[in-house]
Amino acid sequence: MKYLAAFPTPTACALLALLALAGPARAQILIGQTVGVTGSAAATVQESMKGASLYLDHVNARGGVAGQKVEVITLDDKFDPKLTLENTRTLIEQKGVIGLFMTRGTPHTQGIVPVLEQHGVPLIGPSTGAMVLHQPVLKYVFNVRATYQREVEKAITHLNTLGIKQIGVVHVDDTFGADGLAGAQAGFKANRIDALFIEKFDRAKPDYSAIAPRVAQKQPQAVIFIGTGAAVVDGIKALRTAGVTGQIVTLSNNASGGFVKALGESARGVVVTQVFPSERSLNYPLIKEAMDLAKAGGVSELTPAMVEGFVSAKVLVEGLKRAGPKPDRAKLHAGLEGIRNWDMGGLTLSFSATDHSGLDFSDLSIIGTDGRFKR
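Numbering (mature numbering (1 follows the signal peptide of the UniProt record, and there is no 0)), first residue to last: -27 to -1, 1 to 348.
Just so you know, these hints were derived from the structure itself, not from any lab. There could be a bad hint or two in this list.
30 Å max Cα-Cα, derived BS3-like pairs, lysine-lysine [said to hold, decoys possible]:
1. Lys55 / Lys23
2. Lys127 / Lys191
3. Lys261 / Lys347
4. Lys347 / Lys268
5. Lys304 / Lys112
6. Lys191 / Lys210
7. Lys210 / Lys173
8. Lys347 / Lys112
9. Lys68 / Lys299
10. Lys261 / Lys127
11. Lys51 / Lys210
12. Lys234 / Lys191
13. Lys173 / Lys347
14. Lys191 / Lys23
Put together the whole structure using the sequences plus the hints.
Below you can see the structure in the form of structure tokens.
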């Protein structure tokens, strides 16, 4: 799998150079990706990219799809929605990709939907669980993972069953945060409890200097923290410093080893929702497959983010297989909508013209003392 960065840092340049040297000759099937290789979501992004590479490199090493190798051209949008839009136009209008793959971020993905529709380009596996990408059905968006709202509802229901009812919400002030908040409100309603508080922070410049003391004063038993990467890391540390001792829950977009490492001593006991089976669950053939490819590729251990990338890559390849020997944008779209009850290794996925939601799997994990996600 080959990555090309639009705004490379020295570190990114070194990574991209290594990938270019290790990758196959120029591919015949071009897929585009715009994602925050750098920026606040970089740690999780790089893990999900590595997971996708495990599968795509495996497919390419065996001749690709119908004899054509798959190349993913990745442009760095620094987790900035404006750059996401610019990169999307570049990939579609200049690079000629037949599909987009694994974008990240709710406002980022929402912002490119008109471009997808204009050019008839399918997007496979956006790394966001925003309900707005599921309902109403968007013709060119093929979701793989479950929705954020399902994750939040399940978390609140789980807390309620444990007798934890004093629950507050801290969320980023953007469409992602609003979507997660809607799920939280549905969870509160379903469990007949009220939110202890609702606080929001700026996406571009998170500042917890006033929020953290207010939250601490409320003495919550639990806090649902809806945000991304570095902003959530800083927020959790601020809450702990302010004296918040309650359970902290965040969503699957933060399910990465990099997130745990950044939290440091604050990681222990943080609950992270999950939308794929455990990265160590041999009960799922797809996890066993990912483990075997990781071992063969010198990757010591899978992470949840790597599993998401791996599964999304499997869906992409299945769509390409069904598109026929000379896939184009329309054929790829038709191939994806033709997937019915496909067992990818313990998980079954279906698409149709009226359903692009993909999987509905949802689970909870907790970060243990060893920095690993436990279920």
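Looking at the structure, which of the earlier hints fail to hold?
8, 14
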